[in-house]
Amino acid sequence: MSLYNVFNIAGTGMSAQSVRLNTTASNIANANTVSSSVDETYRARHPVFAAELTKAATEQQGESVGVAVKGIVESDDPLKIEYSPNHPMADKDGYIYKPNVNVMEEMANMISASRTYQTNVQVADAAKSMLQKTISLGQR
Amino acid sequence: MAINFDKAFGVHQHTMLIRSKRAEVLSSNIANADTPNYKAKDIDFAQMMKKAQGQQSQGQMYITHERHFKIPSVGQSDTLYTVPNQPDTGDGNTVDVQLERNKFIENSMEYQASVNFLGGKIRGLKKALSGQ
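Each protein sequence line maps, in turn, to chains A and B. Here the numbering used here is used: the first residue of the first sequence is 1, the next is one more, and so on. Here the numbering used here is used: the first residue of the second sequence is 1, the next is one more, and so on.
Keep in mind that the hints were calculated from the coordinates and are not lab data. Keep in mind it's a predicted model, so treat the numbers as computed, not measured. Where is the CB? At the ideal position from N, CA and C, for every residue including glycine. Check before you lean on any hint, since a few could be wrong.
Said to hold, decoys possible - Sample of chain A residues at the chain B side, in silico, Cβ under 7 Å:
(1) LEU3
(2) ASN8
(3) ALA10
(4) THR12
(5) ALA51
(6) MET130
(7) GLN132
(8) LYS133
(9) GLY138
Work the whole structure out from these sequences, hints included.
Shown next as structure tokens:
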């Protein structure tokens, strides 16, 4: 029955958005992490979403698919390099390296992720009440 | 006179099936609201309803020969891509979450209406059976 699939689909949406919220939290938490070399510096992470194609092999191809997290990529944006010779983490030339996290972008991402998560919860809730009505069909 | 459930339940059994299918398609749109290159889909209700009613009046068709054409049953195909009401947002995704949410809520209300109609029919049948 297709209403049960709604739970699965909304569930994939919720888990994908929570992965996104997780990376956003990690990015914001590490926005001011300082390191003393380019390689050690934290880089902004973002999940890559893709339509789940597990059903592709079956007959129902292209009808309704959940969402899957393909992977998490690190941003290639340039790091923020600061000249601060008094900093305890400064390298031998006196530079410190800060992550390429754009906090504004992350805040927008966070709002978008939490809204979409909420919407998925509401979808699952609506499907639940639809099913409950159906189960009690003809009982009174 | 025998009770014919197909006739007694009329069109509502088909609407419920189509509405639950539509709920699935719309929920997949909402889940993929942030997936790049995902295109929003929807079900052509009128088309599927026509098909369902045609099947009801003519009965189910079976494939008994290899050269018979396959006619899709209710719940399959007839999923069409929606026309986006704003130009490309940059990632090739055509889902408008607000629109899809409203469609989903509307669809679930209509589903519950169908459930209520069907419940009424069942109550009627029960009354007739118990003879009170």
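For each hint, the structure was consulted:
Evaluation of the LEU3/A hint against chain B yields a held restraint, the C-beta minimum of about 5 Å falling below 7 Å. Violation of the interface hint for ASN8/A is found here, the shortest Cβ-Cβ separation to chain B being roughly 9 Å, above the 7 Å cut-off. Given hint, ALA10/A at the interface with chain B, holds; its Cβ is 5 Å from that chain's nearest Cβ, closer than 7 Å. For THR12/A, the interface hint holds, since its Cβ comes within 7 Å of a Cβ in chain B; the closest pair sits about 6 Å apart.
For the restraint placing ALA51/A at the interface with chain B, the shortest Cβ-Cβ distance is roughly 5 Å, inside the 7 Å limit, so the hint holds. With its C-beta approaching chain B no nearer than about 5 Å, MET130/A sits inside the 7 Å limit, and its interface hint holds. Of the supplied interface hints, the one on GLN132/A is violated, with its beta-carbon coming no nearer than about 10 Å to a beta-carbon of chain B, more than 7 Å. Interface restraint check for LYS133/A: the shortest CB-CB distance to chain B comes to about 5 Å, inside 7 Å, so the restraint holds.
For GLY138/A, the interface hint holds, since its Cβ comes within 7 Å of a Cβ in chain B; the closest pair sits about 3 Å apart.
Of the hints listed earlier, those the structure fails to meet are numbers 2, 7, in rising order.
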